[in-house]
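Model the full structure from these sequences, guided by the hints.
When the letters of the sequence shown are read in order and numbered with our numbering, they come out as residues 1 to 377.
Among the hints, a few may not be true.
Distance condition first, Cα-Cα at most 25 Å in a straight line; then the derived PhoX-like pairs of lysine-lysine [unchecked claim]:
(1) K318 x K329
(2) K318 x K307
(3) K329 x K341
(4) K239 x K167
Worth flagging that the hints you see were computed from the coordinates, not collected in a lab.
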Amino acid sequence: MAAPEERELTAEQTERLLQFQDLTGIESMDQCRHTLEQHNWNIEAAVQDRLNEQEGVPSVFNPPPSRPLQVNTADHRIYSYVVSRPQPRGLLGWSYYLIMLPFRFTYYTLLDIFRFAVRFIRPDPRSRVTDPVGDIVSFIHMFEEKYGRIHPVFYQGTYSQALNDAKRELRFLLVYLHGDDHQDSDEFCRNTLCAPEVITLINTRMLFWACSTNKPEGYRVSQALRENTYPFLAMIMLKDRRMTVVGRLEGLIQPDDLINQLTFIIDANQTYLVSERLEREERNQTQVLRQQQDEAYLASLRADQEKERKKKEERERKRRREEEVQQQKLAEERRRQVRQKCSWEAQQQHWLQALLLPLPAFLVSLPTGFQSGAVFI
1 MAAPEERELT AEQTERLLQF QDLTGIESMD QCRHTLEQHN WNIEAAVQDR LNEQEGVPSV
61 FNPPPSRPLQ VNTADHRIYS YVVSRPQPRG LLGWSYYLIM LPFRFTYYTL LDIFRFAVRF
121 IRPDPRSRVT DPVGDIVSFI HMFEEKYGRI HPVFYQGTYS QALNDAKREL RFLLVYLHGD
181 DHQDSDEFCR NTLCAPEVIT LINTRMLFWA CSTNKPEGYR VSQALRENTY PFLAMIMLKD
241 RRMTVVGRLE GLIQPDDLIN QLTFIIDANQ TYLVSERLER EERNQTQVLR QQQDEAYLAS
301 LRADQEKERK KKEERERKRR REEEVQQQKL AEERRRQVRQ KCSWEAQQQH WLQALLLPLP
361 AFLVSLPTGF QSGAVFI
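See the structure below:
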């Protein structure tokens, strides 16, 4: 099976290979060639399949990934910040807390039992993502109706598309998972997320993607990020060539505290983006240099082919001239032989005419016997 790998590439295949490498940024030439060969050298299909893999969509040639979304959440250097609810203060606060504790415990226990029974009988409909963009648009409309139109700019696309754009643009991606049933969600959205200074920071420093966990798309992201409580924020960026969660913020966080935490996460990880940007520029320069070298090689190859073609044409013209000279020599020889033959026949005819000359007049007047005698004499 190794024979096709060792087959020489045509000029068209070489150009497609370089174009595919330039579009996808894959450094390994063997991997690029393998991908193109899988797609029968259809560069459009190969590039689309590569983009689908980057967006978390399984390749047509690879089995589906074990996790629904390809984000590294196991980095031990993840910055985590959890805001706990304030504890009751004073005798009145503790009394209210102790009185409500059995009711809250019973309520949440029964709610969990009910949800478990429902999921056991009927699978969770959120596990089937049929319209992820529709889930995002629906959440944005709900957010604006409930909290107003002054808010950070939401990314109006799927989570996978947001990851892909953040990776391509080398930007931070802030993910917000909205818990509709959580008691702190409304206060966080109204007072923290819609604060002017928070809006300015998010709009100028990062992409912002948000969705409700009651929507299938939000539920899928929730299964990937594994939040513990709400409100939940996750900062994701390209780190070590993988989209990685570098910060987790959970709980009811105030505007100033949120700005401080986000700024700290950005400053602590900015060097990774700078390094990745330099590496990408270096790869681009290497690709440009490689492309220039390949173009120069192809130009040299075409020049050599043109020289060989001209040499072949010159050899063909020389052969034709030699054939023409040879044909002329043969024709001249035939003409010479014809002339020689004609001259010999003319000479023979002259000799015959000389033998058959008429008798002189004085012999003609003699008697026949004398004529015969004269002839014999």
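Do the hints match the structure? See the list:
no. : hint        : in the structure
1   : K318 x K329 : holds (16 Å)
2   : K318 x K307 : holds (16 Å)
3   : K329 x K341 : holds (18 Å)
4   : K239 x K167 : holds (9 Å)
In summary, this structure violates none of the numbered hints.
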